[in-house]
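K.L.:
So the sequence lines, in the order shown, correspond to chains A and B.
Positions 1 to 404 (UniProt numbering) are the ones given, in order, by the first sequence.
Positions 1 to 404 (UniProt numbering) are the ones given, in order, by the second sequence.
Just so you know, these hints were derived from the structure itself, not from any lab.
Do not take every clue at face value.
[Stated by the list, open to error] In silico lysine to aspartate or glutamate, EDC-like type, Cα no more than 20 Å apart, as pairs: (1) B:K146 / A:E275; (2) B:K357 / A:E178; (3) A:K174 / B:E275; (4) B:K174 / A:E178; (5) A:K174 / B:D273.
[Unchecked claim] Sample of chain B residues lacking proximity to chain A, with all beta carbon distances greater than 12 Å (derived): (6) E78; (7) E207; (8) E376.
We treat Cβ as the ideally placed atom computed from N, Cα and C, and that holds for glycine.
There are 2 protein chains.
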Amino acid sequence: MSDSPLDIAPDARFGPATLPYGVYSTASDPRTRVGVAYGDHVLDLGSAARAQGAPFADVVDGPNLDALLAAGKPVWDEVRAALTTWLTDPAHADAVRPHLVERAEVTLHLPFTVADYVDFYASEHHATNVGRIFRPDQEPLTPNWKHLPIGYHGRSGTIVASGTDIVRPTGQRKPPTETTPVFGPSVRLDIEAEVGFVVGTPTEMGERVGVDDFADHVFGVFLLNDWSSRDLQAWEYVPLGPFLGKSFATSISPWVVPLSALEAARVEQPAQDPEPLPYLRGSQPWGLDLRLEVRLNGYLVSSPPFSLMYWTAAQQLAHMTVNGASLRTGDVYASGTVSGPEVAQRGCLLELTWSGKEPLRLPDGTERTFLEDGDEVTITATAPGPDGTRVDFGEVTGRILPAR
Amino acid sequence: MSDSPLDIAPDARFGPATLPYGVYSTASDPRTRVGVAYGDHVLDLGSAARAQGAPFADVVDGPNLDALLAAGKPVWDEVRAALTTWLTDPAHADAVRPHLVERAEVTLHLPFTVADYVDFYASEHHATNVGRIFRPDQEPLTPNWKHLPIGYHGRSGTIVASGTDIVRPTGQRKPPTETTPVFGPSVRLDIEAEVGFVVGTPTEMGERVGVDDFADHVFGVFLLNDWSSRDLQAWEYVPLGPFLGKSFATSISPWVVPLSALEAARVEQPAQDPEPLPYLRGSQPWGLDLRLEVRLNGYLVSSPPFSLMYWTAAQQLAHMTVNGASLRTGDVYASGTVSGPEVAQRGCLLELTWSGKEPLRLPDGTERTFLEDGDEVTITATAPGPDGTRVDFGEVTGRILPAR
Numbered sequence: 001m002s003d004s005p006l007d008i009a010p011d012a013r014f015g016p017a018t019l020p021y022g023v024y025s026t027a028s029d030p031r032t033r034v035g036v037a038y039g040d041h042v043l044d045l046g047s048a049a050r051a052q053g054a055p056f057a058d059v060v061d062g063p064n065l066d067a068l069l070a071a072g073k074p075v076w077d078e079v080r081a082a083l084t085t086w087l088t089d090p091a092h093a094d095a096v097r098p099h100l101v102e103r104a105e106v107t108l109h110l111p112f113t114v115a116d117y118v119d120f121y122a123s124e125h126h127a128t129n130v131g132r133i134f135r136p137d138q139e140p141l142t143p144n145w146k147h148l149p150i151g152y153h154g155r156s157g158t159i160v161a162s163g164t165d166i167v168r169p170t171g172q173r174k175p176p177t178e179t180t181p182v183f184g185p186s187v188r189l190d191i192e193a194e195v196g197f198v199v200g201t202p203t204e205m206g207e208r209v210g211v212d213d214f215a216d217h218v219f220g221v222f223l224l225n226d227w228s229s230r231d232l233q234a235w236e237y238v239p240l241g242p243f244l245g246k247s248f249a250t251s252i253s254p255w256v257v258p259l260s261a262l263e264a265a266r267v268e269q270p271a272q273d274p275e276p277l278p279y280l281r282g283s284q285p286w287g288l289d290l291r292l293e294v295r296l297n298g299y300l301v302s303s304p305p306f307s308l309m310y311w312t313a314a315q316q317l318a319h320m321t322v323n324g325a326s327l328r329t330g331d332v333y334a335s336g337t338v339s340g341p342e343v344a345q346r347g348c349l350l351e352l353t354w355s356g357k358e359p360l361r362l363p364d365g366t367e368r369t370f371l372e373d374g375d376e377v378t379i380t381a382t383a384p385g386p387d388g389t390r391v392d393f394g395e396v397t398g399r400i401l402p403a404r
Numbered sequence: 001m002s003d004s005p006l007d008i009a010p011d012a013r014f015g016p017a018t019l020p021y022g023v024y025s026t027a028s029d030p031r032t033r034v035g036v037a038y039g040d041h042v043l044d045l046g047s048a049a050r051a052q053g054a055p056f057a058d059v060v061d062g063p064n065l066d067a068l069l070a071a072g073k074p075v076w077d078e079v080r081a082a083l084t085t086w087l088t089d090p091a092h093a094d095a096v097r098p099h100l101v102e103r104a105e106v107t108l109h110l111p112f113t114v115a116d117y118v119d120f121y122a123s124e125h126h127a128t129n130v131g132r133i134f135r136p137d138q139e140p141l142t143p144n145w146k147h148l149p150i151g152y153h154g155r156s157g158t159i160v161a162s163g164t165d166i167v168r169p170t171g172q173r174k175p176p177t178e179t180t181p182v183f184g185p186s187v188r189l190d191i192e193a194e195v196g197f198v199v200g201t202p203t204e205m206g207e208r209v210g211v212d213d214f215a216d217h218v219f220g221v222f223l224l225n226d227w228s229s230r231d232l233q234a235w236e237y238v239p240l241g242p243f244l245g246k247s248f249a250t251s252i253s254p255w256v257v258p259l260s261a262l263e264a265a266r267v268e269q270p271a272q273d274p275e276p277l278p279y280l281r282g283s284q285p286w287g288l289d290l291r292l293e294v295r296l297n298g299y300l301v302s303s304p305p306f307s308l309m310y311w312t313a314a315q316q317l318a319h320m321t322v323n324g325a326s327l328r329t330g331d332v333y334a335s336g337t338v339s340g341p342e343v344a345q346r347g348c349l350l351e352l353t354w355s356g357k358e359p360l361r362l363p364d365g366t367e368r369t370f371l372e373d374g375d376e377v378t379i380t381a382t383a384p385g386p387d388g389t390r391v392d393f394g395e396v397t398g399r400i401l402p403a404r
């Protein structure tokens, strides 16, 4: 079986510890369908499930992950258990092999229909740096920051799949030297390296989700680049928050890692002082030891540690619903920029270059303050899997096109 | 023909000047379908269009307005012209009558699938009052206010149809007398009387919509109550804007008035000083002379004049897309609270009671600062139609249930 696509090296990308879900098409078959990455291949999950007579075949046989997301945790667990058997038990190899396509041959798409999108602000290091840069005359953290996970709604309609080109946004900015705003392409275009979560199981209006019910509602995890125009944002964001500085595009990685793949990655979150209100306390740790890497034109520029995030995704979900706001299948929420205490752990250029004052020197001899046209940014991540294995998040990438 | 449902009094509600679109069901037929309000009746638009052999029958024959919204302005105009003929030309009366149901017999539903939701802040009187109340030590209008229509994204998933009960939200608030936040039901629950707009014709990412292209993209207009928890909002909103203080519920009126019904209501907006940047200037007036009325438990408490809004909906659309953010069919955006210069023209209780310091005295002898459990709020509006007629917006109403 050594030449079987199922016989993958222990350190191969997308090994049995990950089994992420995505949506793909091929040149010869442009239908979008649900796939599972395994080594250098993608399993056509719908066709495999039908062939195996799996009871869950109907929810994985559509054009995207929507039906699987809505099916709920017992089905999620059942599908993952079946996948693990099919892909790793040699007795199933002959049956599974016809449903594999080469990963290099597939085009990946947005994996599910995005309902609402909320972006949080959960890294103490990031929030402190941004506060120092944007509001140098005030305390860097606002008085509410350690009492609640601050968040705001973003634009769902401009969440795009990895690989989508990003047109430089245009708009108003007010340079400090001017008394009135000027108009033109953004000159401080930035990234934000984040981790995204997608809700599967919905709730009714008036219902709350407790911190300990996180895994019953959240299906999976992916990477997210919250492209940000710092000059548009700085001028517009008081008093109602970011708007056009963020709404032009948000890119997500195409492979959704199920939450159940991250059991070995769960760690204690940083100590919280003051202790949060009871609705934000859980009995289980939901820190997640994801190690992100940010590359600009191929050069590693940052390695943000997700394990240091002050607020967990479980706390964010509890907060988002404490007022009775309902959840829908496909709701996305993101962590906020992931930044650690070290310079080389900062998840955006605003911090990495200290608002442009300390340019990044790239190995090709060029310097960057903010993004230039043609620049390509790629965020990747891994996490520990069981028994020394590795969970792979794939990548979210995008290239900047000139303003129109 | 005097007992015909088509023979309506000149001053009847929903006369030929309005012809609004909605989605209804009846006790005997629970399918949701597209209806047009006419006097005391509702026309089953899908069945009428099929019976008439109308070329647009397919786009009005679904469970909601989505297909009509996506069909574009030429079809919108064609449908309205046909409706006007069918309902007002006696030659069509016999053909139309079988497709009418009594308005009192229908249940109204959310009329379309909401994509993204943006809430603006376009009344100078409202923004000035709120600035004085929330930030008494600063200029009431932030420096950007007269340069751009400030807006932010709200939660699409909690936009509900008029008549839906609203559960009082729970969350964190920090009374001025406390050093740390307390948890519990909101004690400063408010309304915001607003006007909403729904996008029909979408755009691609990177594309902009000019001020003068407003009517090619926006299908119609309705009323919106942006329920607001002032105590949650005040504690959470710095620095990223309102979140849980707004996301628990937003109610909209079920009858969508097509933009083309408002030609006679178009007025010049208030003078803008400073002159806005060129992308915010249009060649046609898009002020709209909508006269709102807000009733609390049946008592008129405010009459906000929409014609005084500083920023028009056409400018808001141009601003929302200037950064290349795409539009989707079903995108909703709202004006922000409509307030005029007089006390009795203020569109929310925060302003009407000056943050609770000047309670409203209701004719039943009770007083209100903010909403009490059981309170019912209803917003209505009319606008001038052609030749002295009237355009009716129906109502958006909701009652407060106790916190859970």
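K.L.:
Please verify whether K174 of chain A and E275 of chain B have alpha carbons no more than 20 Å apart.
P.N.:
16 Å, holds
K.L.:
Holds or violated: K357 of chain B with E178 of chain A, Cα cutoff 20 Å?
P.N.:
40 Å, violated
K.L.:
Is the Cβ of E376 of chain B more than 12 Å away from each Cβ in chain A?
P.N.:
Answer for E376 of chain B: holds, closest chain A Cβ roughly 18 Å.
K.L.:
Need the status of pair K174 of chain A, D273 of chain B: alpha-carbon distance at most 20 Å?
P.N.:
Distance ~17 Å between K174 of chain A and D273 of chain B Cα, so the pair holds.
K.L.:
Starting from K146 of chain B, check that the Cα of E275 of chain A is at most 20 Å away, please.
P.N.:
42 Å, violated
K.L.:
Given the hint that K174 of chain B pairs with E178 of chain A, test it: the Cα-Cα distance must not exceed 20 Å.
P.N.:
37 Å, violated
K.L.:
Was E78 of chain B rightly flagged as not at the interface, with every chain A Cβ beyond 12 Å?
P.N.:
At roughly 27 Å from the nearest Cβ of chain A, E78 of chain B sits farther out than 12 Å, so the non-interface label holds.
K.L.:
E207 of chain B clear of chain A by more than 12 Å, beta carbon to beta carbon?
P.N.:
Violated, since 8 Å does not exceed 12 Å.
Of the hints listed earlier, those the structure fails to meet are numbers 1, 2, 4, 7, in rising order.
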